[in-house]
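Novice: Quick mapping for you: the protein sequence lines, in order, are chains A and B. Sequential numbering from 1 applies to the first sequence in my numbering. Sequential numbering from 1001 applies to the second sequence in my numbering.
FYI, nobody ran anything at the bench for these hints, they're computed from the structure. All the pointers check out, no bait thrown in.
If you anchor each label on the Cβ, the simulated ranges turn out as follows: (1) A/184 / B/1194: 52 to 58 Å; (2) A/183 / B/1271: 32 to 38 Å; (3) A/56 / B/1004: 22 to 28 Å; (4) A/85 / B/1075: 42 to 48 Å; (5) B/1285 / A/137: 31 to 37 Å; (6) A/85 / B/1270: 23 to 29 Å.
Chain B side only, calculated, beta carbon under 8 Å to chain A, not exhaustive: (7) 1024; (8) 1030; (9) 1110; (10) 1111.
The beta carbon of each residue, even a glycine, is placed where N, CA and C say it ideally should be.
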Amino acid sequence: MSPTAITETSSEKKAAVVGVLALQGAFQEHVQLLRKAAAQITSTYELSFTLVKTTAQLAQCSALVIPGGESTTMALIAERCALLEPLREFVKVARRPTWGTCAGMILLSESANRTKKGGQELIGGLDVRVNRNHFGRQVESFSVPLQLRFLGEGEKPFTGVFIRAPVVEAVLPRGDARVVAVRQGNVLGCSFHPELTGDVRMHKWWLETVIEDLKRREKLGGSV
Amino acid sequence: MATELPVNGTIEERNAQFNVKAGLARMLKGGVIMDVVNAEQARIAEEAGAVAVMALERVPADIRAQGGVARMSDPKLIKEIMEAVTIPVMAKARIGHFVECQILQALGVDYIDESEVLTPADNTHHVVKHGFKAPFVCGCRNLGEALRRISEGAAMIRTKGEAGTGDVVEAVKHMRTVNAEIRKAVGMSDEELYVYAKDIGAPFDLLKETVKLKRLPVVNFAAGGVATPADAAMMMQLGCDGVFVGSGIFKSGDPAKRAKAIVQAVTHFNDPKVLAEVSSDLGEAMVGLNVDKLAASELLAARGW
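Here chain A stands alone, though its shape is the one from the complex:
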């Protein structure tokens, strides 16, 4: 293959940006794992990863991760940076793939319990009610092996690190549940912190769903 051909092949790859919301919390950890995961995926897209602190940065993104951190803090900062409405647009109108871990899942829920006095702003997108700090305070935090649906049969379980973690306590409008990972359309939430393990499998699986979404959008003639 001539060098020109190589250039042509790589220039055929469409660029797509995956953002990680970087208002507060473990955003660097997600970027590290996304980069590692992307290196293991071959696709027609050239994925790059960016930290999102402003509306302009969000506007470049085809998909978004909302990291662990303090959900009250993130909600307050997002509100003050006028990012809440653009985030709601991104998730609920543009229906871009969005993944929230721990605090991120709280923000992506339509309803949350045990919030601070006066409640807290949410982005929404998942028709669930979460219970914050479900397992209790930090001294009750733990890690445990999880069997997740995306794992192949016989694959070793995924280590779920639960830190002052929430759970989905109701799938709306039906009711009672006790769920630690949930997906509805373009939105994924989990109680635990895949960004605190060196295990790249969940990030890889999610990036593959992002790539599927990009392909679908392209087929429909929309923008990547």
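Once you've looked at the hints, dock chain B against the given chain A.
Specialist: Frame of chain A; chain B shown alone:
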């Protein structure tokens, strides 16, 4: 110093319990932890966007002014603060006072600060922190001190600065010292590193890991003298992962406004336009004490071994 803390460093791989403790510190990154003395102040801090509060009977500026022996806060006060807010609540124990630590853990405090701001209970030993379920944060002035604390089980470090002064000069000095010592160690051969470990009183394996990561192996916040949004942003630009603000907020003219501004400044620490905006019209900053006017015996940072 690289500010990125790699996922799954070797000390975390060794111990799942430590991963859960150090993991909470990672969740606090990019945030502001505020000293509060009652439930009302805790609510103000939460509304301002604090990632956690430090429950205290007196802020460091008052401990300094009033003198006497400073001890762990009344558990009743800590409980009131825990009930008032949903964000993590930290509390301070005296250096070496393992029973105060046991009490704080029994209360369900989310992080224990073995702190030089209180009067030390042991002038030789620190608490062995491995056995506690509650994670610990400890102060440091240099790399050796930081690695000794991590070796004892601390899951988070803060540079000490000089608490209760509103003078950021010592916080800067301690952060720059840690950074410079890491840079120095990174250039060393293993032979030199063994000698350096001996010189700075650090365990070799942790020093080696620091060299590999080119930063402290746990989350590191700045503390001790941060009083303005610009102070907080400077500490972030110097490479720390977040900021403790003690007396700087509730000893100022408009605590709610200043607290919010410092939170915004830590998120947008690299954006001078945002910093200019949030620094405007904050009312009076805490009066402050010049560190170089303090007698050596009045320096809190010198406590810790």
